[in-house]
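Asker: Sequence:
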Amino acid sequence: MLKPILEILRKRNQKADQKLGQSAKRGWWLASLLLILSLFSEKDMSRVTAAEADWDGEWLAEGTFFRVGVIADKKRLKITQIDSMGQIWSSGEGKIEENIVRIKVEYAGASGAIQAELLDSKTAVVSAYSCQPGYMVVCALSKGRQAIFKKVAGPAASSSND
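Note that the sequence shown covers residues 139 to 300 in the working numbering.
Worth flagging that the hints you see were computed from the coordinates, not collected in a lab. For clarity, every value in this text was computed on a predicted model and none was experimentally measured. Just to be clear, a hint being listed does not mean it is correct.
Unchecked claim - Derived DEER-like restraints, expressed as beta-carbon distance ranges:
(1) Val275 - Glu236: 32 to 38 Å
(2) Asp221 - Val276: 17 to 23 Å
(3) Ala246 - Ala191: 30 to 36 Å
(4) Arg283 - Lys212: 28 to 34 Å
(5) Asp211 - Val275: 32 to 38 Å
(6) Trp227 - Ile286: 16 to 22 Å
As the list claims (entries may be wrong) - Derived pair list, reagent style DSBU-like, types lysine-lysine, alpha-carbon separation capped at 30 Å:
(7) Lys289 - Lys212
(8) Lys212 - Lys242
(9) Lys260 - Lys216
The C-beta atom is built at its ideal place from N, Cα and C for all residues, glycine as well.
Whole structure, please, built from the sequences with the hints as guidance.
Answerer: Shown next, in the form of structure tokens:
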């Protein structure tokens, strides 16, 4: 008589263990998912911070001696002239939005904006975003053109002015 009761209790314990095992598995998957999501969100935040820091430094236009210093601070970007190859130009302050910045510039009677896109921590592609008046030679020549800039020095060198 005791044997059937023990058998019933054993089966109930097995079912309870199975349910507990399924619950533990669900909890493990949920914990893993939350951990993965938190890692991705931290990685995303560090990418944005790193991109801002990546702008800082001395940049050289590929194939030329044209060199500028770049200082990024609080989502703002400032360009300083280092070697302008005799060209006289001025620029305003740009606003960093992820890996792109637009900066107002004036050169040879024309005014407009350039757009720089940070491809990686050492490479940026720069193009004319706007240029007025459109009949100026500098505007006509810059339309549809891009220049590749390479970072050649870190932030300490970018504060020098020529």
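Asker: Compare the structure with each hint and give your call.
Answerer: Evaluation of the provided hints:
Under the hint 32 to 38 Å, the C-beta atoms of Val275 and Glu236, about 33 Å apart, fit the expected range. The given range of 17 to 23 Å is respected by Asp221 and Val276, whose C-beta atoms sit roughly 19 Å from each other. For Ala246 paired with Ala191, a C-beta distance near 33 Å keeps the hint of 30 to 36 Å intact. Distance hint check: the CB atoms of Arg283 and Lys212 are about 31 Å apart, consistent with the given range 28 to 34 Å.
A hinted range of 32 to 38 Å for the beta carbons of Asp211 and Val275 is consistent with their spacing of about 35 Å. Between Trp227 and Ile286 the beta carbons are some 19 Å apart, a value that agrees with the proposed interval 16 to 22 Å. For the hint pairing Lys289 with Lys212, the CA-to-CA distance comes to about 20 Å; that is within 30 Å, so the pair holds. Between Lys212 and Lys242 the alpha-carbon distance is near 18 Å, which keeps this suggested pair within the 30 Å criterion.
At most 30 Å may separate the alpha-carbon atoms for a hinted pair to count; Lys260 and Lys216 meet this at roughly 17 Å.
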